[in-house]
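Please work from the sequences and hints to get the whole structure.
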Amino acid sequence: MPVPRPLRDIAVVAFAQSDHRRTSDELSEVEMLLPVLHRVLDRTGLRTGDIGFTCSGSTDYLAGRAFSFTMALDGVGAWPPISESHVEMDGAWALYEAWTKLLTGDADTALVYAYGKSSPGSVRDVLTRQLDPYYVAPLWPDSVALAALQAQALVDAGDTDEPALAAVASRSRRAATGNPHAQLRGPVPQGDYVVRPLRTGDCPPIGDGTAAVVLASGERARELCERPAWIRGIDHRIEAHGLGVRDLTDSPSTRLAAERAGAFDAPVDTAELHAPFSSQEVVLRRALRLDDSVEVNPSGGALAANPVMATGLIRIGEAADRIRRGDSDRALAHATSGPCLQQNLVAVLEGDPR
Amino acid sequence: MAEVLKAPLVVEFPFTRSLGPVQSAFLSGLRERVVLGVRGGDGRVLVPPVEYDPVTSEELDELVEVAPTGTVTTWAWNHEPRRGQPLDRPFAWVLVRLDGAGTGLLHALDAPDGPGSVRTGMRVRVRWAQDRSGAITDIACFEPYEAGEAGTPGEAGEPAPHDGRFADPVTGIVAPARLDYTYSPGRAQSAHLRALAERRVVGERCPSCRKVYVPPRGACPTCGVATSERVEVGPRGTVTTFCIVNIKAAHTANLDIEVPYVYAHIALDGADLALHGRIAGIPYDRVRMGLRVEPVWPDGGGHPDHYRPTGEPDADYETYKELL
Amino acid sequence: MSGATSTATGKEPVAVVGIGQTKHVAARRDVSIAGLVREAARRALDDAELDWPDIDAVVIGKAPDFFEGVMMPELYLADALGAVGKPMLRVHTAGSVGGSTALVATNLVAGRVHGTVLTLAYEKQSESNAMWGLSLPVPFQQPLLAGAGGFFAPHVRAYIRRTGAPGTVGSLVAYKDRRNALKNPYAHLHEHGITLEKVQASPMLWDPIRYSETCPSSDGACAMVLTDRAGAARSPRPPAWLHGGAMRSEPTLFAGKDLVSPQAGKDCAADVYRQAGVADPRRDIDAVEMYVPFSWYEPMWLENLGFAEEGEGWKLTESGVTELDGDLPVNMSGGVLSTNPIGASGMIRFAEAALQVRGQAGEHQVDGARRALGHAYGGGSQFFSMWLVGAAPPAS
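Protein chains in written order, with the numbering used here: chain B, 1 to 354; chain H, 1 to 324; chain V, 1 to 396.
Careful, some of the hints might be misleading.
If you want a taste of the chain B side facing chain V, the calculated C-beta under 10 Å gives, among others [to be verified]:
1) 66
2) 78
3) 89
4) 93
5) 99
6) 100
7) 104
8) 122
9) 126
10) 189
11) 236
12) 241
13) 256
14) 342
Simulated coverage check for chain V against chain H, where a stretch passes if three residues somewhere in it have a Cβ under 8 Å from a Cβ of chain H [stated by the list, open to error]:
15) 24-35
16) 205-217
17) 323-332
18) 346-355
If you anchor each label on the Cβ, the simulated ranges turn out as follows [said to hold, decoys possible]:
19) H:270 / B:23: 32 to 40 Å
20) B:23 / V:318: 51 to 59 Å
21) B:289 / V:46: 39 to 47 Å
22) V:395 / H:163: 57 to 65 Å
23) B:167 / H:133: 44 to 52 Å
Don't read these hints as lab results, they were simulated from the structure. In this text, a Cβ means the ideal position worked out from N, Cα and C, and glycines have one as well.
This is the structure:
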């Protein structure tokens, strides 16, 4: 049964992102964010004062400082005071919150942004603090180790092998040659094992970056963008936390979110997947029933640039930009959070018929 | 461009975690070399035992004892162990389904023969830590176990019910956590800090509203535009408001300062908002709003150690009330 | 602000049909973090006579993750909150987060995304030390010199200077809130035998703030079940209806910021009153739960929220208007001064406002309360969230 359309037509009307780089230590978070906010607003001709709702996504744990998001707000120019919120999640969920705000009719436009600087700390170790604080976090299993456990499970199940993973990695970096913002572009050696069976090439680059999106509803969207990317559906689902209780070769939460977002009601031509590890693309492709007719991660995906907390929002932005440019008519965007794809968001975007 | 300022930032704390009954039983059991699981709504035994059923969401409390032996369900070879991980030599991360359990336990496998000796389906057993306190690290790691093949009867018997009671149960754990960062304050603050080292206070003016921010933050927070025009302000200023601090607070920088002392908001001449500082060189109970002060620099420069009265007449309330 | 078009789409009315809190204490050593949130969630479900499968989505909020040392703890808490297979959102807007979290949850219902949503906020401060979390030693920055109260006390002094309020007003608020807390079984501080003299004799910590005028540090959680009209029709107990809700933010510090009466607070209240059709808050609102972490913030917020003219808030307090049996009771539950699990404190304000209009507040019930305001704020007095709830459904 097709999923009913949302209460209001809401679209992504603009997207901007920074050049993602290994380090940006000459810039504070707000200094990194500011030009991207200006660019996304410039694309719509809107100013902060015109925006009905603002929502951001970030995490204190990357910065190593509590309330780090409060200083990022300096970049918005929140004066006179603005209607604003923040999620301690990837910016894709900030976009989800903004989408619900627009659904209520309380606002017609929203500014969504996300940022992450992984360079100050060791993101592999930082992410261990997400894990069960009693049974797992005290062992400090890093994010690559957990992804490697998942990858081995896929290999054991016959779902992939090392050459297939290498192919995912090289296809992603090849695609990124067309993406001026990507951190890793062109041929990248598969390299040595980081945690076997994952090699350097299977892992995302570590880096800093930021992204911003403007949403608008109905006619407002058409005024602001020649070809808005209409959000036909968006949904997100979470799974149990324990890795040992989950089937790591599958992603039922992705499948359910996709169903609820209407992803299976009609074929998509493009999919931007938030798969930080090559092996996770294998899981997601199957959960989302993507065949070879679908262009997956034309931006290069998270394997080409992974500014943690912004990577998911960038997937939505990249998919929307494909629609805006006329390279896609119906695209799927996916974001993930938590160890081994614990939580997943799926958005289905469409352009007006040509 | 001047070299970027950087310094280590260590975020470290020993978190004190209370456990609740199920986790208390599991960790107390580990201390006594007993591995407990909990039976879920679908009948499977979850090890480690969780408090809430991942399928039905119901609260779980039917504890059972499982074997300290089990089967690897997936693994990953970690040739470069990181800080805090269970072993300091190369090892395999493993999910182990203990005999009698229906789910996997995450831990380390000590495999001295290297990755070639590890495979999914291999049999392993718990290697207990010498000193056990009631923590997941009471399992030092797993080790290969040759005695039986996967599925061998006798080692995978029905788990026995357990009341979860142990003498002197563990009710909490201390979980130390340390993360190391390299902090860099960014362009605007770096310039401010360099000037402080020369005993100058430098802010930035917003190109739009013309307000002067000290310390500068790189952006004008009301206009949302980058600031770049540097402006030297102060060094004198006016106390706009203050409080008298009568207690030494743990974990704050006032530990070395004798109480009572005055913590004040100070609007430096030429700045459009107040910054914070300590007032000294005057009895604490004579500090007042409007008091004119100047910085007292520490040897070598940096943030002023405190501010002291200049001896000028007090500023009129009307001149600083907008800065409150 | 862009022109809102709510009439064009028809928002779904939102009802609060379940409320649950833990007994707030300094340290809940008998439960895990999951156990703590579970207790509040279970009580909210029981109040609504619902069970886990009835919940479509979960929205959770808390203050900084460093407080418990668990990054993005919603991932670990998914199982405990029955969220597996469901959408789960995590909000963080500093001290206002408990209120913001509830408002994000209301959007899910109002926008007809979901029918019934569980929202929850918590803090388990005993896992670490909040002042550690708030004062991580960031290199190059001037260290925080004054502790928690030292951040607020200068603003209180500015308020006193601006209004000429007598120095006793802060003690009156503390005395009232601590007495109110005695009527609230979930409040953290139950100071039997509290007297005004005891409050006034308590040590002056951050002059002009006395020890008894400060909030405690608590472990606690608060949860609510929000639902649509169909859900409200099935509710076993009277629902509280959302009449207005808003968030406003302004920068942390800026030239021209009014730290005594921030513009964002005024704008937020004005938006809520507009939505709810409140012309005169003093007359139209029967009870208020406001975020008062230090006693002097009661008169300050009375002015900021439009219950008193500028400079006159302290007179309401002094004349007993804000007492439980006064004309405009404030913090009937005992407020943040009696209970402060930081991330949950805002949601407790919202929930207590809802309890009042449902007539479920027990010993601290305000007779005949029809409309109540819940208020939360945080950061450098920069983030505000408020809702106004009523006993009757909103006029459509």
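Violated hints, by number in ascending order, as checked against the structure: Failing hints, ascending: 8, 10, 17, 18.
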